[in-house]
Amino acid sequence: MSGHLQPLLKAVGGSLTGERLRLVRRAYEVAERWHSGQLRRDGSPYITHPVAVAVILAELDLDHEMLCAALLHDVLADTACPEAELAAEFGAPIIDLLRGMRMLDYAKRRPPEWPVSTDERVLTLKLADRLHNQRTISGLPEARQRVNSQENLDVVAPVARRLGLTEVEEELRRLAMANLSGAGGARTFFGAITAGAIMLPAAARARWLEEWLGELLALPVGRARYRFTFRLLAGMPRMALTLRGQAALAGGGRAAVRDRRTAVAERAAAVGRAATRCLRWVVRSDLRTWALLGWLVLDAAAERITDAVVIVITVPPVLAAAVHAIRARIGGGGGRG
Amino acid sequence: MQAGLRMTMPTQAVLRAFLADPLCERYGLELCDLAGLPSGTLYPILARLEQAGWVESRWEDPEAHVAEGRPRRRYYRVTTDGAQQAREAIAKAYRARRQRVPGWVTGPVGGLP
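Chains as they are written, first to last, in our numbering: chain A, 1 to 337; chain B, 1001 to 1113.
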């Protein structure tokens, strides 16, 4: 009967023992009994949802009370289970978590300042619940999908950030944006932009991606979206340089407190090594070298068309000679000719 | 910070778009149209201007975009200080450009006094 519990036991590993482990198993049995016969929208047994929520919390190394509350979190709202029965068996801390969760269930019942006023443990539980629902959102009708994804971006993800749960925040944003782009018929375009945005510093990525998603969906379907995406990708290296310059400035300020010179020298050395590796990778194939030239031209054309013309005329011979020399030095026998 | 801002033509175009109506908040696509720039050129410039404090940005209020059922927009506005500095920088760049042309080129033929 406890087949659906396996993922949780695996996530918990050896961290729970004795009475605590027994209580978690018991919470699962109670939840499984009350939810028996209920199905999720995708057709799987309902109990898989509370278990998945508990797995998310176990991966965050949270305690057995949180795991029990996760397993039982929909029992009070969706079944006829009397609250007193749970209170008698699981005790006050777990029941308080469940009551806190129920307060957040309906938009009308929760206070407007709930993201700040709610207890942090209840918020964490809610985050895990929202994350699993976002992961399995395809079962919902499209209009609901859009509303939920948008709410996760606007309200829920910032809560995750405030609580320091960056991985939860990141996944929630990524899934919600992917869902919204799909609903707007721009999944491919946004996928390409997301892939290109890997160049940007992680801290700034989500903000720009969300902004670009908004712009992309505001554009009419067709050529305009294609052009927006293509141009954005061509400008991405420049964007990355701009934003990384910003980060380096901020980092430079902090480093001054310690030892500025060493920090700068270390960073320069690291950048140098990365650049060498990158250069090697580029010159090993003709295709990549031509792509580099193409990007140089496009990027220059964006600023000033004459620069682009100058590059087209002057760079190819120099580039060919340089690539030849570099390949000779690194013993580039493995080149694609 | 100001020293780091190169007054390229696209940067000037963006600043002019802002200065046309300094109190108006604008979003990225709108600025692309106003400045006549592609997306990949506009956003790095916005990031630089914001970094220099010439421009500030904020997310759209939830009511507006939820009602329309689309993701929220990022709105940009030129700061008071930024507007002042932008005007000076554009004027300076304009003068520099005009001086570079020797007098005998524009003098007799061109209509520029």
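I should point out that these hints are in silico values taken from the structure, not numbers from a laboratory.
Among these hints, one or two may not hold up.
[Claimed, not checked] Derived DEER-like restraints, expressed as beta-carbon distance ranges: (1) 38(A) to 1066(B): 26 to 36 angstroms; (2) 1022(B) to 44(A): 51 to 61 angstroms; (3) 147(A) to 1022(B): 51 to 61 angstroms; (4) 304(A) to 1059(B): 44 to 54 angstroms.
[Claimed, not checked] Just some of the chain B residues that point at chain A, by a computed CB distance under 7 angstroms: (5) 1012; (6) 1013; (7) 1028.
Just so we're clear, the structure is a prediction, and the values are computed from it rather than from any experiment.
We put the beta carbon where it would ideally sit given N, CA and C, even for glycine.
These are the hints, each one checked on the structure:
Hint check: residue 38(A) to residue 1066(B), Cβ distance near 31 angstroms, so the stated range 26 to 36 angstroms holds. The beta-carbon spacing between residue 1022(B) and residue 44(A), approximately 56 angstroms, falls within the hinted interval of 51 to 61 angstroms. Checked against the hint of 51 to 61 angstroms, the pair residue 147(A) and residue 1022(B) fails, with Cβ atoms roughly 36 angstroms apart. In this structure the hint that residue 304(A) and residue 1059(B) lie 44 to 54 angstroms apart at CB is violated, the actual value being about 33 angstroms.
For residue 1012(B), the interface hint is violated, the least distance from its beta-carbon to any beta-carbon of chain A being 12 angstroms, above 7 angstroms. A cut of 7 angstroms between beta carbons decides the hint on residue 1013(B): the least distance to chain A is about 11 angstroms, and the hint is violated. With 7 angstroms as the threshold, the beta carbon of residue 1028(B) comes within range of chain A, its nearest partner Cβ sitting at about 5 angstroms, so the hint holds.
Of the numbered hints given earlier, the model fails hints 3, 4, 5 and 6; all others are met.
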